[in-house]
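Participant: Chain by chain, the residues:
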Amino acid sequence: MGVEGIGARVTRKEDKRFLTGKGRYTDDMTVPGMKYAYFIRSPHAHAKIVNIDVSAAKSMPGVIDVLDGKELQADGIGNLICGWMIHSKDGSPMKMGAWRPLAIDTVRYVGDAVAIVVADTSGEARDAAEAVVIDYDVLPAVADVTAAMRAGAPQLHPEAPGNLIFDWQIGDPDAADRAIASAAHVTEIDIVNNRLSPNPMEPRATLGIYDSAEDHYTCYTTSQNPHVARLVMSAFYNVAPENKLRVIAPDVGGGFGSKIYIYPEEIVCLWASKKTNVPVKWTSDRTEAFLTDAHGRDHISKVRMAFDADHRITALKVDTIANLGAYMSLFSSAVPTYLYATLLSGQYAIPTIHANVRTVYTNTVPVDAYRGAGRPEATYLLERTIETAARELGLSPAELRRKNFIRSFPYQTPVIMNYDAGNYEASLDAAMQAADWNGFSARRANSEARGKKRGIGMSCYIEACGIAPSAAVGSLGAGVGLWESAEVRVNAVGTIEVLTGSHSHGQGHETTFAQLVAGRLGVPIESINIVHGDTDKVQMGMGTYGSRSGAVGMSAIVKALDKVEAKAKKIAAHLMEASEEDIVIENGELKVAGTDKAVPWFQVALASYTAHNLPSGMEPGLKETAFYDPSNFTFPAGCYIAEVEVDPETGETDIIQFVAADDFGNIINPLIVEGQVHGGLAQGIGQALLEAVHYDENGQLLTASFMDYAMPRADDLPSFKLSHQNTPCPSNPLGIKGCGEAGAIGSPPALINAITDAIGNNRLTMPATSMKVWQAIHAAH
Amino acid sequence: MYATSYHRASSVEEAVQLRSAHEEGKYLSGGMTLISTMKQRLAAPSDLVDLRHIPALRGISIEGRRVKIGAATPHADVAASQELRALCPAICDLASHIGDPHVRQMGTIGGSIANNDPAADYPAGLLGLGATIVTDRRSISADDFFVGLFETALEEGEMVTAVLFDAPEKAGYAKFNNPASRFAMTGVFVAKTASGVRVAVTGAGSDGVFRHPGLEQALTSSWSADALANVSVDPSSLLSDLHANAEYRANLVKVMAKRAVAAAG
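So the protein sequences, as listed, match chains A and B. Residue 1231 is where the first sequence starts when you use the numbering used here, and the numbers rise one by one after that. Residue 174 is where the second sequence starts when you use the numbering used here, and the numbers rise one by one after that.
Chain B with its partners taken away, still in its complex shape (with noise of 0.2 Å):
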């Protein structure tokens, strides 16, 4: 690792001031990407702003079926969340088989949604739901927001401060795993929403995370795994390499997906 200064921020205002008083700086959340990138001299921030410490960050709200979740909030704390899991169980589900324990007890929602890693579980849960991504700044749409391979809609000093969502009327997740990584090779998170069936896949997408119109016609059609088994997923758009190639990804998408809505219910 090279030297980096460390700075613990202790308000949002704080932690913007922070990073805009250093052009080479950069946000630590959970750090679970970062701080292994930097131990492997790939990443040379000059200067680290930790988020975790700030209250306003960390929690889970929910009126209603409306819920909001600090960026700054452990995916232990979301796979935990009784209130949470009461309105849906899917995110609840998706967070509790984020990477391993110790994972789940330091990364963040919004430290996965900022660095979009392709495999990464969180964009495919937040697509899937349309959840809004607020910002120091600004309200960006799901939709908007994942833009491509480790890339966001997020503007330089640009931060993550919450996610909200309106709990769908049904949703599931599945993934398969990457066997070494145990990163996600392709999941599926569907969702029956009130502005209709979402279906989005992380894993699998040459250009990271991505929703299946023809999947999403198929359960709009008819919420049922079988209602899947007419859908050609086409592997051109999808990933190859060395423990999955597109057509065993294009599977696995249509796979996972009856395995979603089967988790569902």
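For reference, chain A alone in the conformation it holds in the complex (with noise of 0.2 Å):
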């Protein structure tokens, strides 16, 4: 391990210019002639469009056009689609309806955009919206998922009787009846999994231009990835054809899946930006983020786990319900399918698994990937159920689980999946004895003294990231393959540039990634640029979510790297007129092993481009690019243990400490690690406690400002304990399983673990605000 290479704990390049406000973001960006987008939202959350009158509007001070629907439609830009193709259980496909970029007859949540004011300033684009007479003919409206499946309940799509997308399931369900049946004890919990709204720092923006002269489009954008999002534009939306498009997503304040999809406004500004002939930027602000950015969660199911009588798990079999919203996005049913039910075996091993799902339209924004996407939903339901099971059989939680954790790999579950490499018991028993569990009962009498109820919990989490093999996600109905690309460009002084589809929106990707390189190559860390978010720089990627960077994007990089060094081995032996076996790269030097001679990195780059002096029939340059295809899913996994102490006068909680144990496979720099440990528990931490989407009966949005919806602050928060016990991971070639999600999969069960023991009542759902918590132990008593 060298200072600046794998292992280091390398302080973020990145954050000179992110802690000095020298980040450039999208909505930083200016170009000549640049107007400002104001975008018309429904009022209602479910109404005809009757009429819409822009005549008053139109002749505002500063007003470029008002563009609607019909508009768009006329000009062939297409319906917003979903990727992932999940078929119902009677083997029919998935039930979209469509969704206008720009609602043409009907709008199906407050927020769906219905026309856009182009003007001067953003103020005389928000006066003419004013002006804009919409009649709307308001129908009933529903955004609870359990009333929209009402019998007479209002219909949102005629493509979806009954609102419902698609009926799912996967596993045996005949098996998992019989194996309940013949249980020795049946644990029986009814699960929600609370809606969030992601709130990334930087909200939504984008920036359309049109150049006319070149029939070519440019858009940045706040995305995760561009690549994508070029791709969905130009094949599924008639944007335009890809050469004639190039996506941009400069600095992104952070994305936690919110910034994964294609979203109307972007395709509009770009559509605005001929229609009009100017360049058309549009920010959202605060509450169109509440009200517009795809929410996360949002289910409930209905449990049962079954045991023999020497308390092994037989079978686990579950039933949810998950609310997609009003449309379908672009990955919404990959996430309560291939995303959830695929880990709801955890680290245990279970004979029998089934589950099945439903998702539902509702008159609500809709629902997509957030900070874990269907794995933190799988957590919650799995490691609440064994600790009541563990309750109520009267044993141990940890014991419960030892008993059932699955020891040898690689290991098959029910569920697909293929666990590759675990130790579940190491991270179980550094949790433990971190959090001193053994002395938490002289910690309990403590706070009894002082009128107090403390409670202590856990979670054995596990997670699938790395995300994925192409064939594998094809075969589940992927729209796309899950591969990523590297280009490794040696410049002719010897500096490097690294192009990655990968994207960086907090990650550090560009400390880590050249970490790797410097490390391989032992050249100084300022040597090496990562060049990410253009699809004009970078030659194509699939972008960063479901924690793929490391283990997909860097190992794109190693094999691009494995070709740059065997071409600059072949020079430097003909240079030193030594083998190519016998070189070696150490240092920034390539040496004859053994010897004193040697030729500088820069030498080796410098002869690569000067191409006096190459190997016979050698082509020119240093450069090379490499896609990498995983093998598997990656299998993070961890034990977190929460204690708390609750005031039963508030129903308030606090935090005493937070242990977290996790096995990431090969860390490449410990302190982004930590970070993202750090902010993904905070984020868990937030749904267990704080963070709630509230709609009222007729799909207003209750929680559109920070006034009502608790997101967690510093004070809210422990210091956290943080160890790793990791095993590599044997399927890519870094060894690494990803770790940006993990703090906020496994936290939230720990928390409310924590809270039911603190109080005595297991009914408890998230977040368990001090009313809820207040409730409950009036409940208990």
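Check before you lean on any hint, since a few could be wrong.
Residues from chain A that face chain B, not an exhaustive set, calculated with beta carbons under 8 Å [unchecked claim]:
1. H1387
2. T1880
3. H1924
4. E1927
5. F1936
6. M1937
7. D1938
8. Y1939
9. A1940
10. M2001
11. W2004
Just so you know, the hints here were simulated from the structure itself, not pulled from any lab data. Note that the structure is a prediction, hence the values are computed from the model and not measured. Just so you know, even glycine gets a beta-carbon here, dropped at the ideal spot from N, CA and C.
Assembly of the complex is requested from the two constituent chains, each provided in isolation within its own frame, with the hints serving as guidance.
Facilitator: See below:
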């Protein structure tokens, strides 16, 4: 391990620009002649559009044009799509209702875009928007998923009778029923996974630029995957052919999944730029973000877990209803199916698993992947259930888990996943030791003496990252492959640019990716630049989500580096008249092993470009591209322990300690990994204690600002105790598993298990607000 | 934000004159509510008359036990006043926990009470202290000043210039924050004043800040947290919202009252 190579705690190269206000985000982009868009949105959750009168608005000061959905349709712009096909258990394909970028006949959630004003200033655009008169015929709306499934409920899409999108299953229902019928004990529990708003610090924004001379479009946008955005806008939305569309995602201030998707705004701004012949910029305000960014979670489930007399789990049966909102967002169908039910085995050897998942339309914002995407829902369900079982069986929660751990690998679960490596007991032991689990009863007595209720809870999570083997996901319905690409470009003076299809929006790729190269070649980290986020610069890529950039993105860089090194060694061998096999790369030099003969790295680079003295037949230059398609998912896992003290007078929960013991495989930069875990834990604790999206019965969003949507703040959180028990991942060259989502996945059940332990009432839903905890304390007595 | 005209007044007289010249104008103090409301286009005053640069409106003066706080005094100044803390630490503590540091530097006592947000802290403090609110034209007792949700006894164009109160024998404030906004979901100010015990509750009443006679009687009988054990708080006039229903707020009123008494010593 070098000071800047793999395993070093290198401080983030990108932080200087972020911390000094020099980051360049989409809203910072300004081009000559640029105008501003304001989106007119439906104030109703469900309504027919009777008439749109733009005549007064068009003559307002500064207004360039006012455009609506009919004009967009007339120009051939297509529907927004969901890119992952799921079939119901009866074999029928999912029922995808039409989602127009600008609604034409019907609006289906508050915030559904209806028209756009383009004006000289954002204020003038908004002024004119207020002068647009839209007649709505208001229809009954439904926001609650259970209500949406009832007979007589308002119907959102003619394509989906009963608002049912699909009724999907995995596993053997009869085998699960038989195991449950013959079980020594069955734990039954209802689980609610609360709906969340992603709230990245930077709201969404886009700048559409149409160049009429070249018939070419440029789209600056807040995206986690600019190439996917270009592909989808080109192939499905008919915005422009790929060679006529450049997508740039510059600095992006957080995504958490919500910036994976292609939203109406970027399509409409590109189209409007051509229509008005001016560059068109739109930046979401915070209320718009609450109203229109894809939400996360929102599951309700019924769970049965069966045990034999020896307390081994014999079966798990799950019935889940997932709210997908008013339209199917880009990957919405994959989240409650293949990213969720395939993780229901957790860390446990469960012979039989069956899950049934129904997805439902409601008059709410579309729901899609949010940090963890399906795995938090699976983990919360499983870890609440096994904790409940331990209480019912009178067993220690650690021992019940330990008894059921998977201990030999590879392990084929009954729900597709094949776990390649892990050591679950190591993380459990480390977490219990760090938390002083055995000293808890004394601490509880101390709390009781002060009139407080103390509880401790754990969660043993597993997740699937490194998304994903392309052929495998293709066979499950994915519309894309999930490989990654990299190009390593060595300049003539030896400095290096790495072009990656991954996209950094907070993850620190400019540092970790550079560490990989610095470590391999022994060159200074300052000599390496990471280039990402621009379809004109980077060859192709699938972007960053699902904790895939290390396991998949860096593996592609490894493959490109292998090629660069092989060519550099050939050149060095030629220059030193040595055998290629004897060349080693160390400390920025190519050496003949066992001799003092060496040429510096820059000299080899220069030789490759001067091409005065290359091996016979060799092409000049030192630049290589590689695509890496993973052979399996990766499986980060760990054990989290929360210890809380509850004030019975107010129901307020104080997190006394939070321990995270993770197995992320090999780690490139521990400092950045710890930061990822801290952020993930904050989001998971936010879900457990504070965050919830609420709609009223008419589909109005009640939590449309930070005045009502509670985000975790520093003083809500303890200092975290972290440790790692890493087993290298055998499925990729660096042995990486991924760390971006674990904190958000593993923490909510640990918290709720701790609080329910403290208050002696297991009936508690997230977020466990002070009021709900106070009510649960009173209900228990 | 809609277009608006900004005026900076240098005296109370000039401010009143400017305000009366513009029918759709508004006084601007710290702007902690007004500016964000304007940004959301929920308020559209034609003119703003800035009061923060009027020297007479700013500062704390103390004579004996009589305290006067200028209307444009920011919360941070009240929180930091050692002279005031020696006489009435409860009001300094209250000010030190309003909003965040930015809000405490910008927000003012006059702005807070003129706005009378039902979850603001100062209305509880001033009602609990039995303060007098001085305006450009009269003096109003706190009991008469706070009328309802965002509603006060101020007439059109009337401006708060100062608040006056006598330092109480004892006082304390305890609040339970709304987890999202960090405004008081329930805050209780208790004071043992020369004219008797006063208990004022903010954040909980469906009609804004209010006094609670039951808690006042119990504390009059015995100034101790234990004396509140058997007082019942009726939830029927309390707020219910996403974060706290009326029953929970009724509980918080009692718990916060006990903690305020404990804080008062």
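Participant: Determine which of the earlier numbered hints do not hold for this structure and return their numbers in increasing order.
Facilitator: Violated: hints 1, 4.
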